[in-house]
Amino acid sequence: MVKLILRRLGQMVLIMAVVSFVLFLVFDSDKFKKQIAVNELGGFGLQTLTEQEYQDWLSSKGLDVPFYTRYLDWVGNVLQGDFGFSFEKNTEVGPLLAERLINTGILAFWVFALMIPIALTLGVIAGMKEGSAQDRSVSFISVLTTSMPEIATAIFLTVIFALGLGWLPAKSAMTQGFDWRQLVLPVATLVLYDFGYVARMTRASMAEVMTSQYIRTAILKGIPYRRVIMRHALRNALIAPFTVIVLQLNWLLSGVVVVEVFFQYNGFGKMLLDAALFGDIYVIQAGTLAAVFVAVFSQIISDVGYTLLNPRIRFS
Amino acid sequence: MTKSDKPRLHPKVREAKELMDKGRMDRREFVRIAALLGVSAGAAYAMGGVTPSFAMQADLPFPDADDEAKSGGTLRVGMQVQKMEDPATYSWVEMSNQTRHTLEHLTFTTPDNVTQPMLAESWQANDDLTEWTFKLRPGIMWHNGDELNADDIIFNMTRWMDPDLGSSNIGLSTFASMVEEKDGKKVMIPGSLEKVDDLTVKLKLQKPVLSVPEDLYNYPTAIVHRSFKPPLSDNPIGTGPFTLTNLKVGERCELKKVTETTDGKPFKYWGGDVFLDEIHYYNFDEDNQLTAFASGDVDAIYEFGIEQFELAQALEGDIIEARTAQTLCCRMQISQKPFDDIKVRQAVVSACDNSVYRELVFQGRGDIAENTHVSPIHPEYYELPELKRDVEKSKKLLAEAGYPDGIELTIDVGNTDGPWHQTVCEIMRDQMKDAGIKLNINVMPPSKYWEVWDSTPFGATAWTHRPLGTMVLSLGYRTGVPWNETHLASKEFDEALDDAEATLDVEARREKMKKVEQIMQDAAVMVQPIWRPVFTIVSKKVVGYPPHPTQYHQFNRVWINS
Numbered sequence: 012m013v014k015l016i017l018r019r020l021g022q023m024v025l026i027m028a029v030v031s032f033v034l035f036l037v038f039d040s041d042k043f044k045k046q047i048a049v050n051e052l053g054g055f056g057l058q059t060l061t062e063q064e065y066q067d068w069l070s071s072k073g074l075d076v077p078f079y080t081r082y083l084d085w086v087g088n089v090l091q092g093d094f095g096f097s098f099e100k101n102t103e104v105g106p107l108l109a110e111r112l113i114n115t116g117i118l119a120f121w122v123f124a125l126m127i128p129i130a131l132t133l134g135v136i137a138g139m140k141e142g143s144a145q146d147r148s149v150s151f152i153s154v155l156t157t158s159m160p161e162i163a164t165a166i167f168l169t170v171i172f173a174l175g176l177g178w179l180p181a182k183s184a185m186t187q188g189f190d191w192r193q194l195v196l197p198v199a200t201l202v203l204y205d206f207g208y209v210a211r212m213t214r215a216s217m218a219e220v221m222t223s224q225y226i227r228t229a230i231l232k233g234i235p236y237r238r239v240i241m242r243h244a245l246r247n248a249l250i251a252p253f254t255v256i257v258l259q260l261n262w263l264l265s266g267v268v269v270v271e272v273f274f275q276y277n278g279f280g281k282m283l284l285d286a287a288l289f290g291d292i293y294v295i296q297a298g299t300l301a302a303v304f305v306a307v308f309s310q311i312i313s314d315v316g317y318t319l320l321n322p323r324i325r326f327s
Numbered sequence: 213m214t215k216s217d218k219p220r221l222h223p224k225v226r227e228a229k230e231l232m233d234k235g236r237m238d239r240r241e242f243v244r245i246a247a248l249l250g251v252s253a254g255a256a257y258a259m260g261g262v263t264p265s266f267a268m269q270a271d272l273p274f275p276d277a278d279d280e281a282k283s284g285g286t287l288r289v290g291m292q293v294q295k296m297e298d299p300a301t302y303s304w305v306e307m308s309n310q311t312r313h314t315l316e317h318l319t320f321t322t323p324d325n326v327t328q329p330m331l332a333e334s335w336q337a338n339d340d341l342t343e344w345t346f347k348l349r350p351g352i353m354w355h356n357g358d359e360l361n362a363d364d365i366i367f368n369m370t371r372w373m374d375p376d377l378g379s380s381n382i383g384l385s386t387f388a389s390m391v392e393e394k395d396g397k398k399v400m401i402p403g404s405l406e407k408v409d410d411l412t413v414k415l416k417l418q419k420p421v422l423s424v425p426e427d428l429y430n431y432p433t434a435i436v437h438r439s440f441k442p443p444l445s446d447n448p449i450g451t452g453p454f455t456l457t458n459l460k461v462g463e464r465c466e467l468k469k470v471t472e473t474t475d476g477k478p479f480k481y482w483g484g485d486v487f488l489d490e491i492h493y494y495n496f497d498e499d500n501q502l503t504a505f506a507s508g509d510v511d512a513i514y515e516f517g518i519e520q521f522e523l524a525q526a527l528e529g530d531i532i533e534a535r536t537a538q539t540l541c542c543r544m545q546i547s548q549k550p551f552d553d554i555k556v557r558q559a560v561v562s563a564c565d566n567s568v569y570r571e572l573v574f575q576g577r578g579d580i581a582e583n584t585h586v587s588p589i590h591p592e593y594y595e596l597p598e599l600k601r602d603v604e605k606s607k608k609l610l611a612e613a614g615y616p617d618g619i620e621l622t623i624d625v626g627n628t629d630g631p632w633h634q635t636v637c638e639i640m641r642d643q644m645k646d647a648g649i650k651l652n653i654n655v656m657p658p659s660k661y662w663e664v665w666d667s668t669p670f671g672a673t674a675w676t677h678r679p680l681g682t683m684v685l686s687l688g689y690r691t692g693v694p695w696n697e698t699h700l701a702s703k704e705f706d707e708a709l710d711d712a713e714a715t716l717d718v719e720a721r722r723e724k725m726k727k728v729e730q731i732m733q734d735a736a737v738m739v740q741p742i743w744r745p746v747f748t749i750v751s752k753k754v755v756g757y758p759p760h761p762t763q764y765h766q767f768n769r770v771w772i773n774s
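As you go down the protein sequences, you meet chains A and B in turn.
Throughout, the numbering used here is defined as the position within the first sequence, counted from one, plus 11.
Throughout, the numbering used here is defined as the position within the second sequence, counted from one, plus 212.
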């Protein structure tokens, strides 16, 4: 187990090194430098510079240094906890990243807190009796909500609950400090999008377990149905959904850009999008490292959890 | 001239007054010209015999304070919150709006399109408009207790012309006339700025420029303290009524009324009563601002697009619409194939019907443009005969240019002012199809478009409002100027524009603009179909919120009726 974790962590460091190197390489092009200049000076402003003035401007931003030198400097700084400076936000990247990760963490926490119980309950109910009315209802709702893109769900919810009924704020920029009401619509959008997926996985897993011989034996032995489900079926049926749920962590970190941008929620995804559009290289780099970390870390949790839940699986 | 000295009326003011008296010059145009040439705003309106659209307070560029105005409250505005690094290198209006309440300009162009003295008390130009003397208002206090003086102005203007700074101010006619190229850099010509006394500065230009006062309200010309070092957000010393208390780029910018100087002495603002306690900008992307307003997050927004107009009408609030000279130039670069052949360009222009865009894109709002980049709201606009679409002529021209079976073209569009750019291109595509021109529309992110705006063979570039038609033609179409994206190089055009720019009599200038506009149209360098309106919305409790064709925020007299 320890070996597995160490190997995964080793892989993580390797991925981080390769990804950050490639990003530095890609963003070293003249085109990219021009992108930063355009965003800093404006298209018209840039055009007023002579070639020499442009080169001087690049130098003032430290963009005239060869990329490998910049890369090595950056790696050295990151190892000391300094993630660099944001061109766009005019602030240290480290605190910015931490703040945005916390905001997205709050969002993710509430999504998980609601989505997991709803999805597992509905999935189990549906999978207990395949083909029953409850199964069909749950499956229909799950497919419907999951097949709707997040942006469409976000618009529907906003039009109904914010603009129509006026019950909830339409945007989640938290301009007056943290307000739980502003979390409702983004959380609801993400839960609606995601629960169906997990519920369907749970249903499939549960349905498979329910057809297995040991469950049939347990039922035939006369064990109460409730006990068969709770004691015997659930544990095995939850192995597959567990993996899926843990992998949602990754999606919640960087896959919720649409929701964060739509609701103007200042989270990690919105930060990454802003940085990508601006060409804010150090923010992109730091965000990528965080995303790689979460992706690999969630895989480690998934692998370890899988092993614990299913003793038949051993990693060697 | 100053308020205290005997006024020396610029001869061109007398000339303009005579023209007005003879009925050859519009009264409002007289006010604009008189103000430009240094007559105080109140005097200019009085000489012109017109009432400003807002009541003027004597000697101040701001509207009269409302008798019912109540002090207090925070105005919350939805806008993109950007960094406030160096005002001289600002590249977006939003960052200048965050700054405009703290730093001020020498002049102020009102919503009436009249430029007034602001930090300057008055100005005076010599007869051939090559020397401009600016006299500052005495007693203007910086937030640190210092007094504004000529050193501040020289410090600022010298910075703007410092090639290592990269300020776009150097592209303005005023400052372009004070620099020369040396060793690949544009540097200030020695002696261009002269400190006459503690409150007076003289600008010496290499050629006549009429628009000096107007250039000085361009958004990167905010005046910083002589000790300024960027970033502004770390040490926001200004002369304005508010100071920056909190800036989080991409989240919020909070400004608070200044009551005492940084060393604890009472601060007196030169510009009269200011009612708001605080101004808060909250970051909302343009598409989200109206929804944020709808749900009560903000009291006003920077802008909403035409596609949101119906939603805006359904909301409780006042829609403010400004008629502008903001436009979209679907321009062809005449130095690149196939646009180096004028017949191809003429075919493109002939295939388009400019009259339909206003209705189709802006639901009948805005003004029809005529491929000249001179707007009906510009004082010197000359109305040329209406452009007629001629598909057969277009086909014939294409055949003559060697494309008897039609031609395939691609236009780059960045939607830098919103999705209406793309709509304009789509209408063009449908119209050009009839003439056998297949137009592909290459949509790209706004920042990507700004990387290629000056190099793409065919691109849709947004140009902002400028008070005079000659200003924009000078900036964008003279031979070899940095913003000449069409690469038009016409000696005849340059000379005609010189002639128009040196003519103060607006009727005579309009006559001269006929030639300028005709050359532009005949050169067929672009399809420029629309002058767009801009929209914003404010809560009903906000009083005195001013519209502005360039979306500049000046909230000196805004108050909240809570």
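These aren't lab readings, by the way, just hints derived from the structure by calculation.
Take the hints with a grain of salt, since some may be wrong.
Claimed, not checked - With a Cα cut of at most 20 Å, we get these calculated PhoX-like pairs of lysine-lysine:
id: 1; chain 1: A; residue 1: K45; chain 2: B; residue 2: K660
id: 2; chain 1: A; residue 1: K44; chain 2: A; residue 2: K14
id: 3; chain 1: A; residue 1: K44; chain 2: B; residue 2: K407
As the list claims (entries may be wrong) - Have a look at the derived ranges for each label pair, beta carbon to beta carbon:
id: 4; chain 1: B; residue 1: K394; chain 2: A; residue 2: A28; range: 43 to 49 Å
id: 5; chain 1: B; residue 1: D530; chain 2: A; residue 2: F167; range: 28 to 34 Å
id: 6; chain 1: A; residue 1: Q187; chain 2: B; residue 2: E280; range: 24 to 30 Å
id: 7; chain 1: B; residue 1: R641; chain 2: A; residue 2: K42; range: 46 to 52 Å
id: 8; chain 1: B; residue 1: D446; chain 2: A; residue 2: G177; range: 37 to 43 Å
Quick reminder that beta carbons are idealized off the backbone N, C-alpha and C, glycines included.
Run the structure past the numbered hints and jot down the numbers of the failing ones, going up. As far as the earlier hints go, 2, 3 and 7 are violated by this structure, in ascending order.
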